[in-house]
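**Q** Next come the chains, spelled out residue by residue.
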Amino acid sequence: MKEDASYNILDRIRQEQQLNPGFTVPDNYFESLPGRLMAAIRETDTDNTPVLDGISRIMPYHVPQYYFARLRVNRARVVDFKKGLTIAASFILLAVSSIFLLTPRSPASTAGVATVNELTNEQLERFIQPDEATPRDKAITTHAVKIPNTDMATLLKNVPDAELTNFLNETAEGTEEIFLN
Amino acid sequence: MEQYQSDESLLALFRNPGTKEAAFTAIVNKYKERLYWHIRRMVVIHEDADDVLQNVFIKVWKGLEHFRAESGLYTWLYRIGTNESITHLQNQKKKKAAISFGNEVDLTDQIRADPYFDAAKIEWKLQLAIQQLPEQQRLIFNLRYFDEMPYNKMSEILGVTEGALKASYHHAAKKVENYLRKS
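In order, the protein sequences belong to chains A and B.
Heads up: the first sequence is residues 1 to 181, going by full-length UniProt numbering.
Heads up: the second sequence is residues 1 to 183, going by full-length UniProt numbering.
If we strip away everything but chain B, and leave its shape as in the complex, we get (with noise of 0.2 Å):
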C-alpha cells in the first residue's frame, strides 16, 4: 500500500518552488481516486469526470498557494470537485435544453447505455434510484452512503447544517429504499 504524506507537509512542500511540482505529484495521487470517484457518482460518464477532475486539480494547482487552510486540504478538495461537478452539470442541462428543447437525455438514460449495465444487479439499480433524488439530496446521499463521510465534515464542504445533512440523508434513503423495493 502506499504511503502518502501528510497534508501539512506536502502544503509546506507546494509552497517551496523546488518541490512545488512534486508536491503537487504527490497530492493528485493521494487525492485522484477518491475525487474521482466523487465526481463520477455525480456526472456518470468516465469522460465527463476525468474532465472535471482535470479541472479541479487545474484549480488546486492555481489556488493552492493562496489555500489558507482554515479548512482540512481534504475539505477543500472535495468542495472544489463538488462545485466543479455541479456546475458541469448545469452547463449539460443548458446544453441539452438548446439542442433538445426540453426532450433531454437524463442521467438515468446515460446509466442505462453503459456497456456494462445490468439491470438485475442490484447495485446498477441501485445507481439508477440515486438518479431519482434532486441534485443536493443526490450529493449528501453519495457523500454519506459510498464515502462514508462524516456529517460534520460534509457541513464543512457544503456549508450546510449538520441537522440538515441528517435530515435531507433521512429522506434521500428512504426515497430510495422505497424505489428498490418497488423495482
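Only chain A is shown next, with the shape it has when bound in the complex (with noise of 0.2 Å):
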C-alpha cells in the first residue's frame, strides 16, 4: 500500500516539473558549451598578450659595476648556532680565567689576614663586641693611642710657633682653594 502511494507522489510531482519546470539555461546552452569551452582552452594556451609581447625581455635594473665578476660567497658566515655559542662561551670563560688568575693579589690583604690568623677566638670577639672589652684592654687601647700623641709633642718641640702657625695657614688656604675649585 505505501508502495503505491509513494510511487503516486512521485509521478505526480513529476508531471507538474514537465508542466513548469523550476530551473532554466539560456537557448542552445549545452549545444554551444563545447565550442565555448575550447576558445577559452585556445585563449589560454595562445596568451594573447600583443602589449606585452612586445616588450623586450631585458631587465631595466642596473647591476653595479663587475659585480658578476667579483661575486663571491662570504662563507665566513656560514658558522652554525652551536658552535657560535660554544665559541663565545670559550672565549667567556677564557676571559674569566685570565681575569681571576693574572691580577695581582694586594700583599696588604694577605698581610692582614696573616694578622687576623694570628689573633685568639677571645681577642676576635672583644673586636666585634668592643663595647664589653676588659680595662686590661682598654689600657692596651689608650696606651697605643697615647704612643703618636706623645710623638707628636716630641717633634713638634723645637718647631717655633710663628712657623707652626704659618704652616697651618698655609695648609688651610690650600684646602678652600680646593674646596672652592
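Just so you know, these hints were derived from the structure itself, not from any lab.
These figures come from a predicted structure and were not determined experimentally.
Where is the CB? At the ideal position from N, CA and C, for every residue including glycine.
Check the hints yourself; a few may be wrong.
Here are the computed lysine to aspartate or glutamate pairs in the EDC-like style, where the Cα-Cα straight-line distance is at most 20 Å [claimed, not checked]:
no., chain 1, residue 1, chain 2, residue 2
1, B, Lys-121, A, Asp-53
2, B, Lys-182, A, Asp-53
3, B, Lys-125, A, Asp-53
4, B, Lys-62, B, Asp-51
5, B, Lys-62, B, Asp-7
6, B, Lys-121, B, Glu-156
7, B, Lys-95, B, Glu-156
8, B, Lys-30, B, Asp-50
9, B, Lys-32, B, Asp-51
10, B, Lys-166, A, Asp-53
11, B, Lys-30, B, Glu-65
12, B, Lys-62, B, Glu-21
13, B, Lys-174, A, Asp-53
14, B, Lys-59, B, Glu-47
15, B, Lys-175, A, Asp-53
16, B, Lys-95, B, Asp-48
17, B, Lys-153, B, Glu-8
18, B, Lys-125, B, Asp-106
A short list of chain A residues far from chain B (calculated; beta carbon distances all over 10 Å) [stated by the list, open to error]:
no., residue
19, Thr-24
20, Asp-27
21, Tyr-29
22, Glu-31
23, Leu-33
24, Leu-52
25, Ser-56
26, Arg-57
27, Val-63
28, Tyr-66
29, Ala-89
30, Ser-98
31, Thr-103
32, Leu-164
33, Glu-170
Just a sample of chain A residues kept apart from chain B, beta carbon distances all over 12 Å, derived [said to hold, decoys possible]:
no., residue
34, Asp-11
35, Pro-26
36, Gly-84
37, Ala-88
Take each chain as given, in its own frame, and dock them per the hints.
**A** Right, here's the structure in full:
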C-alpha cells in the first residue's frame, strides 16, 4: 500500500515539473558549451597579449659594475648557531679565568689575613663587641693611642710657634682652594 | 663564452673533499647570474638581491652534500632562491609594519626611487605592472616571461600542478596587459 502511495506522489511531482520547470538554462546552452570551452582553452594556451609581447625581456635594473665578476660567497657567515655559542662560551671562560689568574693580589690584604690568623678567638670577639672590652684591653688601647701623641709633641717641641702658625695657615688656604675649585 | 661543466660532474667533484671548493666556485659561476636576476625580480633592490643570493649559496654549500639529485641541481637552486626571496619579502613586510604602523613603502615606490627609473620607458612600466600582481602570480609570471621556464620545471620548483600554473600565468599576463594598456 505504502509503495503504491509513494509511487503516486513521485509520479505527480514529475508531471508537475514537466508542466512548470523550476530551473532554466539559456537557449542552446548545452549545444554551444563545447565550442565555448575550446575557445577558452585556446585563449589560455595562446596568451594573446600584444602589448606584453612587444616589450623586450631585458631587465631595466642596473647592477654595480663588475658585480658578477667580483661575486664571492662569504663563507665566513657559515657558522652554526651551536658552534657560535660554543666559541662565545669559550671566550667568556678564557676571559674570566685570565682575569682571575693574572690580577695580582694586594700584599696588604694577605698581610691582614695573616695578622687576623694570629689573633685568639677571645681577641676577635672583643673586636667585634668593643663595649665588652676588659679594662686591661682598654689600657692597651689607650696606651697605643697615646704613643703617637707623645711622639708628635716631641717632634714639634723644637719648632717655633710662628712657623707652626704659618704652616697651618698655608695648609688651610690650600684646602680652601681645593674646595673652591 | 664560458664553458660550464655538467651538473652531474660538478656534484661528483663537490662530494670529493679535494675538489669541493673548486666545484662550489664552478656552481656559483654557472648559476650566479640566473639566480641573481630571479631574486632581483622578486626583491627589486640590488642590495637585498645580493643579500638573498649570498644566503642561497650559503645554503647550497651546507646542503649540497646531502642533495639526493632527485630533482635537477638547477631546479633545487631555483627552489632555494624562491624560498629565500619570499622569506626576505615577508620579513621586510613584518619590519615595515612594525616601524610604520601600516604606512608601508611598497616595491612600486622602490622601483620609482631607482636612480635609473624612467617612467616613459615601457620596460619600467612593465616592472610597475608586475608589482600589481599577487606574490604567487608575480613569481609565476617572472619565471615564465623572463626566464621562459617550461611549465613542468616550474611545477617542480613551486610544487604546483602545470594546469594551475598555466591558469595563473594567463591571469597574470592579462592583468599586466590591462595595466599597460591603461598606463
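**Q** Work down the list of hints and note, for each, if the structure agrees.
**A** Hints versus structure:
Our distance criterion of 20 Å between C-alpha atoms is met by Lys-121/B and Asp-53/A, whose separation comes to about 15 Å. Between Lys-182/B and Asp-53/A the CA atoms are separated by roughly 16 Å; this keeps the pair inside 20 Å, and the hint holds. Under the criterion of a C-alpha separation no larger than 20 Å, the hint pairing Lys-125/B with Asp-53/A is consistent with the structure, at around 14 Å. Among the hinted pairs, Lys-62/B with Asp-51/B is consistent with the structure: their alpha-carbon atoms are about 17 Å apart, no more than 20 Å.
Only pairs whose Cα atoms come within 20 Å are accepted, and Lys-62/B paired with Asp-7/B is accepted, the gap being roughly 17 Å. Restraint check for Lys-121/B and Glu-156/B: the C-alpha separation of about 34 Å exceeds 20 Å, so the hint is violated. At most 20 Å may separate the alpha-carbon atoms for a hinted pair to count; Lys-95/B and Glu-156/B exceed this at roughly 31 Å. Proximity of Lys-30/B to Asp-50/B is assessed by CA-CA distance (about 16 Å); at most 20 Å being required, the pair is judged to hold.
Simply put, Lys-32/B and Asp-51/B have alpha-carbon atoms about 13 Å apart, close enough for the 20 Å limit, and the pair holds. For the given pair, Lys-166/B sits about 17 Å from Asp-53/A by alpha-carbon distance, which is consistent with the 20 Å threshold. A C-alpha spacing of about 18 Å is found between Lys-30/B and Glu-65/B, which places the hinted pair at or below 20 Å, so the restraint holds. The suggested pairing of Lys-62/B with Glu-21/B holds, with an alpha-carbon distance near 12 Å, which does not exceed 20 Å.
A hinted pair counts as satisfied when its Cα atoms are at most 20 Å apart, and Lys-174/B with Asp-53/A qualifies at roughly 12 Å. Distance check on the hinted pair: Lys-59/B and Glu-47/B sit about 19 Å apart at the alpha-carbon level, within 20 Å; holds. Simply put, Lys-175/B and Asp-53/A have alpha-carbon atoms about 14 Å apart, close enough for the 20 Å limit, and the pair holds. For a cut-off of 20 Å, the pair hint linking Lys-95/B to Asp-48/B stands: about 14 Å separates their Cα positions.
Among the hinted pairs, Lys-153/B with Glu-8/B is consistent with the structure: their alpha-carbon atoms are about 18 Å apart, no more than 20 Å. Using a Cα cut-off of 20 Å, the hinted pair Lys-125/B and Asp-106/B holds, with the two alpha carbons roughly 16 Å apart. Thr-24/A, annotated as away from the interface, keeps every beta carbon of chain B farther than 10 Å; the closest lies near 30 Å. Distance check for Asp-27/A against chain B: the nearest CB is about 29 Å away, which clears 10 Å, and the non-interface claim stands.
No beta-carbon of chain B is positioned within 10 Å of the beta-carbon of Tyr-29/A; the least distance is around 23 Å. The Cβ of Glu-31/A sits about 26 Å from the closest Cβ of chain B, beyond the 10 Å cut-off, so the non-interface label holds. Against chain B, the non-interface label of Leu-33/A holds: every CB pair exceeds 10 Å, the least being about 19 Å. Chain B draws Leu-52/A into its interface by the beta-carbon criterion, the shortest separation being 5 Å against a cut-off of 10 Å.
Annotated as non-interface, Ser-56/A brings its C-beta within 10 Å of a C-beta of chain B; the closest such distance is 6 Å. Residue placement check: Arg-57/A does not keep its beta carbon more than 10 Å from all beta carbons of chain B (closest about 6 Å). The claim that Val-63/A lies off the interface is violated: its Cβ sits roughly 6 Å from the closest Cβ of chain B, which falls inside the 10 Å cut-off. With 10 Å as the threshold on Cβ separation, the claim that Tyr-66/A sits away from chain B holds: the shortest Cβ distance comes to roughly 13 Å.
At roughly 23 Å from the closest C-beta of chain B, the C-beta of Ala-89/A stays outside 10 Å, upholding its exclusion from the interface. Ser-98/A, annotated as away from the interface, keeps every beta carbon of chain B farther than 10 Å; the closest lies near 34 Å. No beta-carbon of chain B is positioned within 10 Å of the beta-carbon of Thr-103/A; the least distance is around 42 Å. With 10 Å as the threshold on Cβ separation, the claim that Leu-164/A sits away from chain B holds: the shortest Cβ distance comes to roughly 74 Å.
Under the 10 Å C-beta cut-off, the non-interface status given to Glu-170/A relative to chain B holds; the minimum distance is some 65 Å. Residue-level check passed: Asp-11/A sits 45 Å from the nearest beta carbon of chain B, beyond 12 Å. At roughly 25 Å from the closest C-beta of chain B, the C-beta of Pro-26/A stays outside 12 Å, upholding its exclusion from the interface. Residue-level check passed: Gly-84/A sits 14 Å from the nearest beta carbon of chain B, beyond 12 Å.
The Cβ of Ala-88/A lies farther than 12 Å from every Cβ of chain B, with a closest approach of about 20 Å, so its non-interface assignment holds.
Checked against the numbered hints listed earlier, the structure breaks hints 6, 7, 24, 25, 26, 27; every other hint is satisfied.
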